[in-house]
Every structure is written in C-alpha cells, then in structure tokens.
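Undergrad: Going line by line, the protein sequences match chains E and L. Take the first sequence: its position 18, counting from 1, is numbered 18 in this note's numbering, and each next residue is one higher. Take the second sequence: its position 74, counting from 1, is numbered 74 in this note's numbering, and each next residue is one higher.
Honestly, the hints are just simulated from the structure, not real lab data. You may find that some hints are simply not true.
[Unchecked claim] Calculated cross-link-like contacts (lysine-lysine; reagent style BS3-like; alpha-carbon spacing at most 27 Å):
#, chain 1, residue 1, chain 2, residue 2
1, E, 106, L, 36
2, E, 42, E, 67
3, E, 67, L, 41
4, E, 2, L, 19
5, L, 19, E, 42
6, L, 22, E, 67
7, E, 67, L, 18
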Amino acid sequence: QKEVEQNSGPLSVPEGAIASLNCTYSDRVSQSFFWYRQYSGKSPELIMSIYSNGDKEDGRFTAQLNKASQYVSLLIRDSQPSDSATYLCAVGVDSGGGADGLTFGKGTHLIIQP
Amino acid sequence: ETGVTQTPRHLVMGMTNKKSLKCEQHLGHNAMYWYKQSAKKPLELMFVYNFKEQTENNSVPSRFSPECPNSSHLFLHLHTLQPEDSALYLCASSQLPGSLQETQYFGPGTRLLVL
Chain E
1 QKEVEQNSGP LSVPEGAIAS LNCTYSDRVS QSFFWYRQYS GKSPELIMSI YSNGDKEDGR
61 FTAQLNKASQ YVSLLIRDSQ PSDSATYLCA VGVDSGGGAD GLTFGKGTHL IIQP
Chain L
1 ETGVTQTPRH LVMGMTNKKS LKCEQHLGHN AMYWYKQSAK KPLELMFVYN FKEQTENNSV
61 PSRFSPECPN SSHLFLHLHT LQPEDSALYL CASSQLPGSL QETQYFGPGT RLLVL
C-alpha cells in the first residue's frame, strides 16, 4: 500500500525565516513528486513539482528530492504571512500508458507569525 | 482555479436522495479524476478517467457512480449516501496521462453534507 507521511504540525515560523516542510513515501517506484498548497476552504494549488534527485528552485520555493532515502522536502525562503496554509505532499507512479491518481499525505499546517 | 470548474459548490442531501456532482475542465486535458477529502484524512483518490475510459476505481462503494461523457466533463452520481460520506469532493484534470510530467490541476470542490 502506497503511503505518504507528513508531520501534521502546526509548524510555526517567524516572518522572514525559512520554513522547511518534509515528506517521506513508501513506494520505491514513485517517480513524480508534487507540493500543493491548500488554504482553508479552498482546493489544492500546485506549488512545485520535482522528478529528479537534487534541488529545484522556483522563486522563494525550493523542492529537494532524495530517492534513495525516499524523502522530499519543500523550503520556503523569506516566509510571508500569506504562506500560512496546509502544504500537501503528493507522489505519483508511472504505471505505464495510463493516467494514475496521486497519493497524498495528510498535509502540514504552516503558520507564519508576523 | 477557473480552468477546472465544479458545481454545485455546496450540497446538502438526505440519505435517500439522488444527486449529481459536475466537473468541467477548460484546459484541453485528457484525464480527469475524482478525489474525496475528509477532515483529518489525506486526499483519497476515487476514480480516474483517461480519454473517457475509466482506468481506476479505488474500491469506492457503489453508491458513488462516475460518468465521463467526454474528455471535458466528469460527473459523480450519488445515491443513498451515508453521513460519513460528508466531505469535500475534488475534481482534477491532467494533460499527459501516464507521463512522468503529469501535473494535476484541481477544481474548487463541492462541499457535501449528508444528513
């Protein structure tokens, strides 16, 4: 059974600091990894995707992937109060030829303190 | 968010009612998905449609019945639901089914309450 684990938090970070969100996954053949942000009462919004080991940067966001450790993380630099939300880690497996749904973690509730 | 639309946004129904949720994607995607999001639980995949063909049914009870008449529209027909089915139902779509680059985009969801 595929599992994606996240610390539910809340994770409280001062404004301007770096927020670090972590995720581990159980399925070794997982090949695609996504971070979604979900504000209360809203639907998930894609923040970052990563497919290869290493770091991927996009503005204030950096995704890190380590397939050997089955670990993916999201760093948010210069955290802003508007970053306060639940961050969902999602993992996909390419089963070959067809669409596959993603397996989601429960999400980490991030609070940026002004 | 406007790329994938869902109606209704809120729905209250009794256990004996029959209702349908509608999803429409305006992104030219080829795959569509239904997810269920309950409080304190991760998003749960329910159904996957790839080029209008159902490719995955994640052990969902038969009181949930999906329908995909074309690549742009997806329905979830509901009948004789239980109170524990109350949740946020999210529709998503993706462009490249089966591809490593498959990114799913979500609609705003339908908040369902079963009394």
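Undergrad: Against this structure, judge whether each hint is valid.
TA: Outcome of the hint check:
{"no.": "1", "hint": "106(E) <-> 36(L)", "result": "holds (12 Å)"}
{"no.": "2", "hint": "42(E) <-> 67(E)", "result": "violated (31 Å)"}
{"no.": "3", "hint": "67(E) <-> 41(L)", "result": "holds (25 Å)"}
{"no.": "4", "hint": "2(E) <-> 19(L)", "result": "violated (32 Å)"}
{"no.": "5", "hint": "19(L) <-> 42(E)", "result": "holds (22 Å)"}
{"no.": "6", "hint": "22(L) <-> 67(E)", "result": "violated (38 Å)"}
{"no.": "7", "hint": "67(E) <-> 18(L)", "result": "violated (45 Å)"}
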